[in-house]
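Chains as they are written, first to last, in this note's numbering: chain U, 1 to 508; chain L, 509 to 1016.
Keep in mind that the hints were calculated from the coordinates and are not lab data.
A virtual CB, placed ideally from N, CA and C, is assigned to each residue, including glycine.
Treat the hints with care, as some may be off.
[Unchecked claim] Cut-off 16 Å, straight-line C-alpha distance, at most; resulting in silico cross-link-like pairs (EDC-like, lysine to aspartate or glutamate):
#1 U:Lys312 <-> L:Glu793
#2 L:Lys653 <-> U:Glu154
#3 L:Lys607 <-> U:Glu490
#4 U:Lys114 <-> U:Asp125
#5 U:Lys82 <-> L:Asp633
#6 L:Lys794 <-> U:Glu350
#7 L:Lys599 <-> U:Glu350
#8 U:Lys145 <-> L:Glu662
#9 U:Lys79 <-> L:Glu793
#10 L:Lys590 <-> U:Glu285
#11 L:Lys681 <-> L:Glu697
#12 L:Lys597 <-> U:Glu154
#13 L:Lys820 <-> U:Glu154
[Said to hold, decoys possible] Listed next, with one range per pair, are the computed distances between beta-carbon atoms:
#14 L:Leu953 <-> U:Lys388: 52 to 58 Å
#15 L:Ala666 <-> U:Gly34: 55 to 61 Å
#16 L:Glu553 <-> U:His399: 41 to 47 Å
#17 L:Thr685 <-> U:Asp247: 52 to 58 Å
#18 L:Glu567 <-> U:Arg137: 43 to 49 Å
#19 U:Ala158 <-> L:Leu953: 23 to 29 Å
#20 U:Lys388 <-> L:Gln529: 21 to 27 Å
#21 L:Thr685 <-> U:Glu393: 40 to 46 Å
[As the list claims (entries may be wrong)] A partial selection of chain U residues facing chain L, derived with a Cβ cut-off under 10 Å:
#22 Pro38
#23 Phe139
#24 Lys145
#25 Pro211
#26 Ala263
#27 Val335
#28 Gly339
#29 Val387
2 protein chains.
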Amino acid sequence: MILLNLERNSQEPIFKQIYQQLKELMEDNTLKPGFRMPSTRALAERHGVNRSTVYKAYEELWAMGYLESRPGSYSTVRKRQKIATNGQKSKTGLISWGKLSSDAGQMLHQSYQKFKYKINDVSSDVINLASLELDPRLFPVQDFKRCINTVMAEQGAALLGYGERAGFKPLRKAIATRLRIHGISVNWEEILITNGSQNGIELLLKMLTVPGTPAAVEAPTYSNVLPLLRYYKTNIIEIPMKEDGMDLEYLQRVLENGSPKPAFVYTMPNFHNPTGISTDQAHREKLLSLCETYRVPILEDAFEEEMKYFGKVPLPIKSMDRRHLVIYLGTFSKVLFPGIRIGWIAAEKEIIQRLMAIKAFSDLTSNSLIQAALHEFCREGYYNLHVKRMHREYRKRMHTAITDLREHLGGFDKVSWTEPAGGYLIWLKLKDTNMDEAGLKQIFLQHGIILIPGTCFYSDAYSYPGSPSHVQEPSLHHFRISISTLNEKEIKQGISRLGSAIAKIYQQ
Amino acid sequence: MILLNLERNSQEPIFKQIYQQLKELMEDNTLKPGFRMPSTRALAERHGVNRSTVYKAYEELWAMGYLESRPGSYSTVRKRQKIATNGQKSKTGLISWGKLSSDAGQMLHQSYQKFKYKINDVSSDVINLASLELDPRLFPVQDFKRCINTVMAEQGAALLGYGERAGFKPLRKAIATRLRIHGISVNWEEILITNGSQNGIELLLKMLTVPGTPAAVEAPTYSNVLPLLRYYKTNIIEIPMKEDGMDLEYLQRVLENGSPKPAFVYTMPNFHNPTGISTDQAHREKLLSLCETYRVPILEDAFEEEMKYFGKVPLPIKSMDRRHLVIYLGTFSKVLFPGIRIGWIAAEKEIIQRLMAIKAFSDLTSNSLIQAALHEFCREGYYNLHVKRMHREYRKRMHTAITDLREHLGGFDKVSWTEPAGGYLIWLKLKDTNMDEAGLKQIFLQHGIILIPGTCFYSDAYSYPGSPSHVQEPSLHHFRISISTLNEKEIKQGISRLGSAIAKIYQQ
C-alpha cells in the first residue's frame, strides 16, 4: 500500500506533492517496474483528495514516462531509461565519427591539427614571429568600453534582438564613408557586414562555386583560404607570385585557355600574405582590365588596407571598378582588434543581396551590440585616432625590423627577404640550406623564435583523398616573418636571434 | 619646364613635397600623359637638392602609377585609370550575378525573398503572432551591461584578440554545469560554442553530409533548416508529425529500408517548431533506441529546453545517451536574447573537435567579449533569476493564450489547435475553408494579425531546379501562432482578432 504525506498548508499544490512523492518512490525502486498502481479513485479516497487531483498527478507521471497504462486496465510502473551519468556511458560510442565525417570535413580537421600552432608547447621566452594577431598592448580598450556603454544606454534592448540581416545600418554607412578615403565609391546598400573576412570569403565561395569550379589564387596565398577552397571542392589554380605581384601573363594564359573559366581571381594587392608584396598602380590596372576582358570577378582581399603607413601604396582595385566586377573584402581585425569578428564585403547590390540570404541561413544575423559599439567608435573619432597611432607605431616597428634584418642577415648571400611598404609581413628566402623545413623550424625554435614555414601557403598542404595536386615543390625554403604582435624591443631581439639561427644553418 | 615650390623649413620632407606637387600637376592634367619628365639629375640641379631626393620622389610616382619609364630612356607621365565615381560607373555591370550564382545559392536567395516577413509593410497596429523573437521588454539589459563592464575591466584586451576556437572556456564550463539540471552529463571539452543554433546546424551539415546524403527531419519542421538542407543537396526525408511527435513507425520503415541510411534524424522534442508538440518519455526512449539500433545520430534541437514552465516535459534525449549518439543543440536565443548570437553543441569530443576545425575555417573564432560577459552573467546568478522570471511571465501568457483560444475559437468545429506544455508556439488547424493559404493570410491581415502559414515548414517550399520533391500537399491549412513577442494584453487582443477572422472565414 502506498503511503503519501500530503501537506494541505504547503505552497506546493497537492497534485504536485502526489506527483513528486510517487516519482521518488519509483526512482528509488520502492515501486518497481511492473507494479500495479492503485486506481485514481482508490488513491483519492484513501487520502481524502479530489479524484481529479490524483488524475492530474498520474497524467504528469505518464508524460514523464514513469507510468504506463494498458487499455482497460490499471496503470503500472514503467521501466524507465536511466539518465546516462559518466560511469554508465560506454567508453566507445556506436559511431566512428571520423568515418562518418565527409572527406572534405575530415580534411579540415586534419589541416587544423597539422597547422595549429602549438604555442603553448613552447617556452614563454620564445619570440613569436609567426602570429599575425595584432599587439594587444595597442588595443583601445577604454575607448571601446565607453562606446559599448553609450550604445547600451541609448539603445539597450534594441541591440539584443535579432539584428538586420545585412548588418547594422549605421555601421554600413560609416564603412561606406570610410571607404571614400581609399577612393571607393559605394553606398550602404553595397556593404554586407560579415563575421570577419574569413566568413566573407566563405559566403562568396558558397555563392560563386560548385564542386569542380576553378578558382584562381596567388601562390603562395593566405593559408586559411586554401582548406576552404578544398572543402568546397573548387579546382584551385595557383598563379605564381612574382616580385611585383601575381604573374599576370600566367593569369592571362589561364583565362585564355581555361574552360570553364575561374569563378574568381582572389588577390591581396597590399602587403600580400605571406610575401608582404604590394602591387603598383600599373599592375592593378592590368589585372582589372584582364578580368574585365574575360568577365571574371576579382575578390580583392584588402585585409591591411588601413596599414599603408609608409604611404606609397596605390588605391585599391575596387576604386577603379566601373563595371561592378570587384568584390572587396575589408576587416577591422588587422587594424583595430580581431575579437569583435567584424569584417565586410563591398560589392554590387545584386551580390550583397545574394550573400545576405546565404548568410541569413548560415547564422541568421551578426551581433548588433558590437556593431553598434563599433559604429559609435567610428562616429566619435576614436577610429581615426587609433589608425594614426597604429601608423606611427608600426612605421617605427617595420623600420626597425628592416634595419635589423639588413644588419644581422645582410652578410648571408643565400638569404634574402622582402621589404614591405606597410603591413606586418616579411617573406624570408633561404637558398641551398641542405636542410628540410622541419629541420629549419627546429633550429629556429632552438634559437627562441617561431616563424611560419612557407609550404603552409600552397594548396598542396591541404589535400584530401581524391583532391587534385597543383603545387610544384618550391625549390627554396621560405618562412613568413610577422611583426604584428611585437614591440620594437621584441623585434630587435627576435631578429637578432634569427641572425644567430641563420649563422647556425649556414655554419658560418 | 616644371616649376616646384619647395619649402626647406617645412615639416614635410623635400622628397614628399616634390612627389606631392608633381602628382598634383599630373592629376590636373598640367603634365599630360606621355609628357617626358626631366631626368632626376636635371630636376635636382634646378632646385638645388640632392639627386637621391628626386629619385625617391620619382620612385613613389612610379609605384603609384603616375610615371612609366622605358628602358634606357626618360620617364614619361602615365595615362592613369581614373577612380570610379558614381557618375562614371556603368549602370549595368559586366556580370549577371544571378546567372553566375550557384543554383543552390540562388535558391537561398529566392527562399529569403519569398519568406522574409514584410513587417515594415504592414501597419504598426498589426499584432505579430508570427515572430518567434523574444519580447525585448523582458531583456535584462542592465544586468548584462554590468557584466560587460566587469569583464572589460578585469580582462580587457585579452577578450579583444582571437579567442579560443571552440569557445571561451569558462562559458563552456558554465554550460556543461547548467546542462546537469537537464540530466545531461558532459564536460567542457564536449561543448562547442556556435554563433547561435543555426550556425550549429550548418556546421553539422558540413561534417555529416555530402550531396545526396539522406537526412530525416520532422514534417513540418523548423523552416530555416530546410533551405540549408537544400543548399547542401541532402536528400530530405520528411517523417510526419503525429499528435505525440514524429511518427516512429514511419521512421523505422525508413531506417529499415533506407540505403544509404540517413546521416541523422533531426528532431525538436520540446515545444516543436511549428507544432508546439512535446514528446513524452516513452517516445524519447523509443526514438533513441531506434537510432541506436540503426546507428544513426540524433540531432536534438533543444532550442526551448529552458522554457518548460508548466513542468511536465521529460528530460532531453541526450540525458539518456550512453552510446554517444546524440548531438545536442542549445541556444541562449530563446530564453535570454538572440542578438548575442550564442548557442552551443554538446556532443562527444570526437565530434566537437571536427566541428571546431570546420568552424575555424569558416569564421576563425566567435566573439570572446560577449562570451565572457555571458559567462559572468551566469556566474553572478543573473541567468537563474532571469529564467525564473521568464517562467513566471510565459506561464501566465501561455495560459491566457490557451484560455482565450478556447473562448474565441471553441465554437468552430472545423478549427483546432495544439495546447503546448511550454515554449511559445501553437499550431492552428483549419479544415474545409474553401480558401487557399494566400486568401487566409489576407483575411488575417485585414483583421490586424499576422501568422506564419504552415507550408513554410515543409521542404517543398524550398526547391530549386533539379531538387527532389517530397511533400504531399497537406490536406488542411495550418498556421503557426507564436506568443513569444507579446504581453498578456496583446495576446488577448491578438486572439480576439483571430476569433473574428475565423468567423469571417467560416462566415458565421
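Hints, one by one, checked against the model:
1. U:Lys312 <-> L:Glu793: violated, 68 Å
2. L:Lys653 <-> U:Glu154: Distance of about 12 Å is within 16 Å: holds.
3. L:Lys607 <-> U:Glu490: violated, 52 Å
4. U:Lys114 <-> U:Asp125: Status violated; Cα separation ~23 Å.
5. U:Lys82 <-> L:Asp633: violated, 50 Å
6. L:Lys794 <-> U:Glu350: It is violated: about 48 Å lies between the C-alpha atoms, which goes past 16 Å.
7. L:Lys599 <-> U:Glu350: Holds. Lys599 (chain L) to Glu350 (chain U) sits at ~12 Å (cutoff 16 Å).
8. U:Lys145 <-> L:Glu662: holds, 12 Å
9. U:Lys79 <-> L:Glu793: Holds, at about 11 Å.
10. L:Lys590 <-> U:Glu285: Holds, because 10 Å separates the two Cα atoms, which is no more than 16 Å.
11. L:Lys681 <-> L:Glu697: Roughly 8 Å separates the two Cα atoms, so the pair holds.
12. L:Lys597 <-> U:Glu154: violated, 39 Å
13. L:Lys820 <-> U:Glu154: violated, 40 Å
14. L:Leu953 <-> U:Lys388: 52 to 58 Å: holds, 53 Å
15. L:Ala666 <-> U:Gly34: 55 to 61 Å: holds, 58 Å
16. L:Glu553 <-> U:His399: 41 to 47 Å: Between Glu553 (chain L) and His399 (chain U), where Cβ atoms are some 30 Å apart, the hint is violated.
17. L:Thr685 <-> U:Asp247: 52 to 58 Å: holds, 56 Å
18. L:Glu567 <-> U:Arg137: 43 to 49 Å: violated, 34 Å
19. U:Ala158 <-> L:Leu953: 23 to 29 Å: holds, 25 Å
20. U:Lys388 <-> L:Gln529: 21 to 27 Å: holds, 24 Å
21. L:Thr685 <-> U:Glu393: 40 to 46 Å: The hint (40 to 46 Å, Cβ to Cβ) holds, given that Thr685 (chain L) and Glu393 (chain U) are roughly 42 Å apart.
22. Pro38: Result: violated, 21 Å to nearest chain L Cβ.
23. Phe139: holds, 4 Å
24. Lys145: holds, 5 Å
25. Pro211: With a closest approach of 8 Å, the Pro211 (chain U) hint holds.
26. Ala263: With a closest approach of 8 Å, the Ala263 (chain U) hint holds.
27. Val335: The hint is violated - Val335 (chain U) has no Cβ within 10 Å of chain L, the shortest such distance being about 13 Å.
28. Gly339: holds, 4 Å
29. Val387: violated, 16 Å
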